[in-house]
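From just these sequences and the hints, can you work out the full model?
Counting from 26, one number per residue, gives the positions in the sequence shown under our numbering.
Treat each hint with caution, since some may be false.
Pairs of lysine-lysine, DSSO-like flavour, derived with a Cα cap of 27 angstroms [what the hints assert, rightly or not]:
(1) Lys-125 - Lys-214
(2) Lys-125 - Lys-52
(3) Lys-214 - Lys-175
(4) Lys-175 - Lys-130
(5) Lys-140 - Lys-214
(6) Lys-125 - Lys-175
(7) Lys-52 - Lys-175
(8) Lys-52 - Lys-140
Keep in mind the hints are simulated off the structure, nothing from the lab.
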Amino acid sequence: MNLDRTTIALLAERLENCELEARDTTKITDDHPDMDWEDAYAVQDAIRARKLARGARIVGLKAGLTSRAKMKQMGVEDPVFGFLVDDFAVADGGDIVTSKLIHPKVEPEIAFVTKAPLRGPGCHIAAVLAATDFVVPAIEIIDSRYRDFKFDLKSVVADNCSSSRFVVGGTATPVDGLDLRTLGVVLEKNGQPVALGAGAAVLGHPAAAIAMLANMLGRRGEEIPAGTLILSGGITEAVAVAAGDSVSLRIQSLGSTSVRFV
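What follows is the structure in structure tokens.
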């Protein structure tokens, strides 16, 4: 680590206040160019601690940067990861108050819910599937706190990977007999398709992202508990939304979910 605990606490306060007050900021590596990955996750951990201290509950985890092409472009070998709190959850078909966000975008994802703990190192796709209770369609609403969506990956990690809101729906579907790689995905905005894809867009198999998360946590002496909701990563590019937009997601064999921006 290159940053001291006081600096980490101040950065966490700055980023979380931007989230809570719906205002942007310049990326934090502008002020702290020597920040390393350990520092970035320490800032994220400090944001989590701030939320827990106010009574929030951790309800899930999320993966980001789950495209091999993007990882190569950014010069990293692993996805990035963040946490989800109960305040981020939106009911299926519910409303999101857009004025409480800065510049939201939506991503279609396959969400996993575990029935057994997952531990690394050595976690792999088969282990993830064996520990999965069911999968459901999910729309993640990302909302980077950085001005004009201009950032680097360490700043993104510190900002809890742009976490903001999420909605899940469809049918709780066991993974037995499903090939998650080939499931077709259609994201619609205001009744028009805006993004198409398949599960294989996430690291070749969406469960690979969950395995990488378990392995990363294992290096920190942590695990993914049973009963955890995990967003496995965007299947398509993120799509910008604004007040008045309605977004729906359909995933083959899993059903659909939707959300409105008001």
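key: Indices of hints not satisfied (ascending)   = Checked against the structure, the hints that fail are numbers 5 and 8, while the rest are satisfied.
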